[in-house]
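Produce the entire structure from the sequences given, and follow the hints as far as they go.
Protein chains: 4
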Amino acid sequence: MALTVGVDIGGTKIAAGVVDEEGRILERVKLATPKDSGQVAATIAEAVNTVRQNHEVEAVGLGAAGFVSADRATVLFAANMSWRNEPLRDRIADLVHLPVVVENDANVAAWGEARFGAGNGVDNVVMLTIGTGVGGGVIIDGRLLRGHFGIGAELGHYRVQPGGLLCGCGQHGCLEQYASGSALTRLVKAGAARNPEKAKLLLSLGDGTPEGIAGSHITLAAREGDPVALEGFAEVAVWIGQAMADMTAILDPGVFILGGGVSEAGEILAAPAREHYHTVAPATGQRPLAEVVTATLGPDAGIIGAADLARDR
Amino acid sequence: MALTVGVDIGGTKIAAGVVDEEGRILERVKLATPKDSGQVAATIAEAVNTVRQNHEVEAVGLGAAGFVSADRATVLFAANMSWRNEPLRDRIADLVHLPVVVENDANVAAWGEARFGAGNGVDNVVMLTIGTGVGGGVIIDGRLLRGHFGIGAELGHYRVQPGGLLCGCGQHGCLEQYASGSALTRLVKAGAARNPEKAKLLLSLGDGTPEGIAGSHITLAAREGDPVALEGFAEVAVWIGQAMADMTAILDPGVFILGGGVSEAGEILAAPAREHYHTVAPATGQRPLAEVVTATLGPDAGIIGAADLARDR
Amino acid sequence: MALTVGVDIGGTKIAAGVVDEEGRILERVKLATPKDSGQVAATIAEAVNTVRQNHEVEAVGLGAAGFVSADRATVLFAANMSWRNEPLRDRIADLVHLPVVVENDANVAAWGEARFGAGNGVDNVVMLTIGTGVGGGVIIDGRLLRGHFGIGAELGHYRVQPGGLLCGCGQHGCLEQYASGSALTRLVKAGAARNPEKAKLLLSLGDGTPEGIAGSHITLAAREGDPVALEGFAEVAVWIGQAMADMTAILDPGVFILGGGVSEAGEILAAPAREHYHTVAPATGQRPLAEVVTATLGPDAGIIGAADLARDR
Amino acid sequence: MALTVGVDIGGTKIAAGVVDEEGRILERVKLATPKDSGQVAATIAEAVNTVRQNHEVEAVGLGAAGFVSADRATVLFAANMSWRNEPLRDRIADLVHLPVVVENDANVAAWGEARFGAGNGVDNVVMLTIGTGVGGGVIIDGRLLRGHFGIGAELGHYRVQPGGLLCGCGQHGCLEQYASGSALTRLVKAGAARNPEKAKLLLSLGDGTPEGIAGSHITLAAREGDPVALEGFAEVAVWIGQAMADMTAILDPGVFILGGGVSEAGEILAAPAREHYHTVAPATGQRPLAEVVTATLGPDAGIIGAADLARDR
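Protein chains in written order, with the numbering used here: chain A, 3 to 315; chain B, 3 to 315; chain C, 3 to 315; chain D, 3 to 315.
Calculated lysine-lysine pairs in the DSS-like style (CA-CA distance at most 27 angstroms, straight line):
#1 A:Lys32 x A:Lys15
#2 C:Lys202 x B:Lys15
#3 B:Lys202 x C:Lys15
#4 D:Lys202 x A:Lys37
#5 B:Lys200 x C:Lys15
#6 B:Lys15 x C:Lys200
#7 C:Lys15 x C:Lys32
#8 C:Lys202 x B:Lys37
#9 D:Lys200 x A:Lys15
#10 C:Lys15 x C:Lys37
Hint data in this document are derived by calculation from the structure and do not stem from the laboratory.
Shown next, in the form of structure tokens:
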């Protein structure tokens, strides 16, 4: 039975796991991400070597935030590390003496969910990873869309609003500015500031001030029926629904998977997003539409997807 | 040497050709499209049988406007014919006794250009077909993107403007409303009505009135430097440039091909579109961008692409 | 009883009338507008002299398309004449030997309607004149808003859509591009081209082709229930409703008057516009909203308003 | 010499002053706003009675946030107090035994600036008060625009972006969401989070975190050349410039005054706003445009304007 290691390289922690062909994690470890970007490779290697001790592993897959080259060897650019053209594949391969592939973190999560999670069995999948920003992963006819330069499926960065909000990427009106967890938090903070009485439950979860509202509070409060939290989800859902309509015109997938931290709200987000999608999809009523489901693997999607892509190399 | 027949089924004419493995058309015919949709299959068969007389052909590829099923057998919906769930593959196969595949017309044109025309040699291609409407074709890692339901790459129908113009598809703000030949004509007619003196050259090509301006006049006049025609192209080019930026975020191709009647203006359209693309592309300056070229096969792209897809089945 | 003459200077005809203090037209004449802008003043004087023959008149008011100076003496700029800084007041005064005031045509129509037509009795009125373009007139506390430079109330030229349609004024996204008769015609032509069967009634009023649809056909067809014509009005009404919401935030009038050729459709336009206005008005439910009515004076509004402004000088 | 008292009723303090006919404040007091809305009237009266002790005053003007009735007697609705249909005029008149008028706070500030501050001498003035939200005041032909229901000049609440950001007023895309101090802070916090190195100066003014950035820090940092703070001002200035273009089309003022806390940045805001205004104004080049200046009275504008409106009753 062929085993591989998947590594999810985050800004605060590095999580690694040994994964089998069924997408099960047999062993796992989590280490703190070093402040010094120069030390990250050593910590990745340490994580890989820790989990492989009791297993025969064949390869390593790394999921990294940022732009990854088309040959899956180099991190071209990363926002949360000081890496520029970092030859991560070879650096890790030298340390662990195994074949290594590098892939974008949203791509590995999408691959994990598509193969072993919410997309199980469908060959055409689009995953929206809704966290601080909005990431994407696209599977077409069973193959991961990487793009000519390795930088495809950056679904948070097509323009949804001319003259729209300034984005961190330097352009205006990107989807990420409207459909991310940051957008949700902005909406809910403003709602609570306007109407603290209505947001009483929500405010009670933090320090009592709108500024003290954290993303996790919003999901909790929405589950308890807090109207301000629910309105925030409804606003974001409209943009997610529109994005799914746009991706249907372009990619025509069989299933949309909503992942990332915001998607932990489950149907609180998915139900209004699906409803709006059905309203604004192209040629509505004259064509079949994709299923809309919530991710099922949680934070493990990255480890599982990275490991499987290493096997699939 | 394996030969196949490609057929381009248009609203006014049906064009067929025998095509070799290098994408050369060895023999061709063009018949009028019957008014009665029920007679179209017979005319297609007649065209195929006419061109195959002196050639050994192995298969037939049909390019049809509208939604084509994922198994390439059925036209689900066509705007310019009364076809609904038309089993076109089997109907033609019965008449010509050859294997048949059906594909969307913008897809076959994109495939033809990608394999034998402007995209020669690149595995990741996006073609925008800018005619009366805006069609699209997407090639990823050398394979045509068809979509889960066979209806992908409808690039004219993602939303570029919230609350935007009503589209024929029933939604508002679709790309097609801003970047098509119809949009160009609308712009130029309005410009000429406002300032007939400035549009003197353009108006002289028709009956002298703004309403008498045809699409072909606009390209001709732009080549002669007519300022109103050039302004129209510049407006449309901004939307094409934005669409290429959006497709870069999502699909990250190596080349964009601009095709369709409007693209016959060549660099008059491509140059400002390319320039705007470079300005609004995501993460500009931190990532490579696609080439922007004009289609080279002209109206033959459909025949050549359809024939090649039949071979590739 | 003080009488004045009002003159409506149009692109094709010059209409003059003797008007009493109750806004009644006692005598009228209509002359063709000379092709040569240099002859227009003489024709205006001829019209004035014709109607005054049997009446004692005290002053003359002129309504002219274009920008009129704050002192109501000069036409600064007109799109449909070759006038630039035309000293129209003095030119006409020299010819008719009466005091003369010049005012913008949409302003005089608004004044006529506000004083003697649909706005009778209300001191705060906004009129939208929906013809080929969109003009406006604003009355605040019983006084006509002229603006510091004489060019206020150009309500068709505030921006309603960032990155929107190119306007004749040189900017993008002006209200006029979405809420004018031209916009209505564009919508309805496109609807009829897409679905001629559905637009059968409408098409039967012209030459049978979408291009042959005239503005007057659309109103006629809508009255007979033609679905394509009604959809066109519904689209335009959404923009009119939004414009009224915007003007409510800024000007807070007591009544909106819908005038111009498109408003001849009456409640076919006004009803959906009013409904949308109630939905999108600021602070809906927490503040009173303006009435929405259709103009009642028809093309006479200009003559009546111009005459009354001359009296009011 | 006739003296009046002006009162600026804020959420945290109530400021009153005795003002002469030249707009000079001769005496002043500032009291804390009571938490209990029911106590506010008593505190206003106390402030009035305190400042009038050594002066013969004839009337009192009150500037209050919220909707004020057309007869200037009643606060219909206030967001920062629990007042609903509060008969503030009569309540205060009973306590101070002087004639009282009530006016919206942005209106009194605009009146103060127009009469005695930056608009000195111009009869047609539009003031944008850019604080937490965006307020407005409009003077036409020397008279304050109040509106038919007393709720005009709410310039922060016309729609600038279809499908735009949710506003506290319940609608989407209001100017306030893009051009307010809150929008500036949101932009700058995001910029600092993305690029802390670039925002070093700005971050050093607070607790070192993006969330710790206050509005006052942004102006300070911009004055020292902090690039992230300057980019924030530049973004907001584009919307202010567009709003001035829109108000030019509608109101055609002779001068725009930029007031409120954000305008304390002076030309850092005004210069790019003016530049963008010149670019996007209607019929640019064919009409004169308004001056763009920064308010000069600071927080005193409210007291001075309220006092003067009381005199002018």
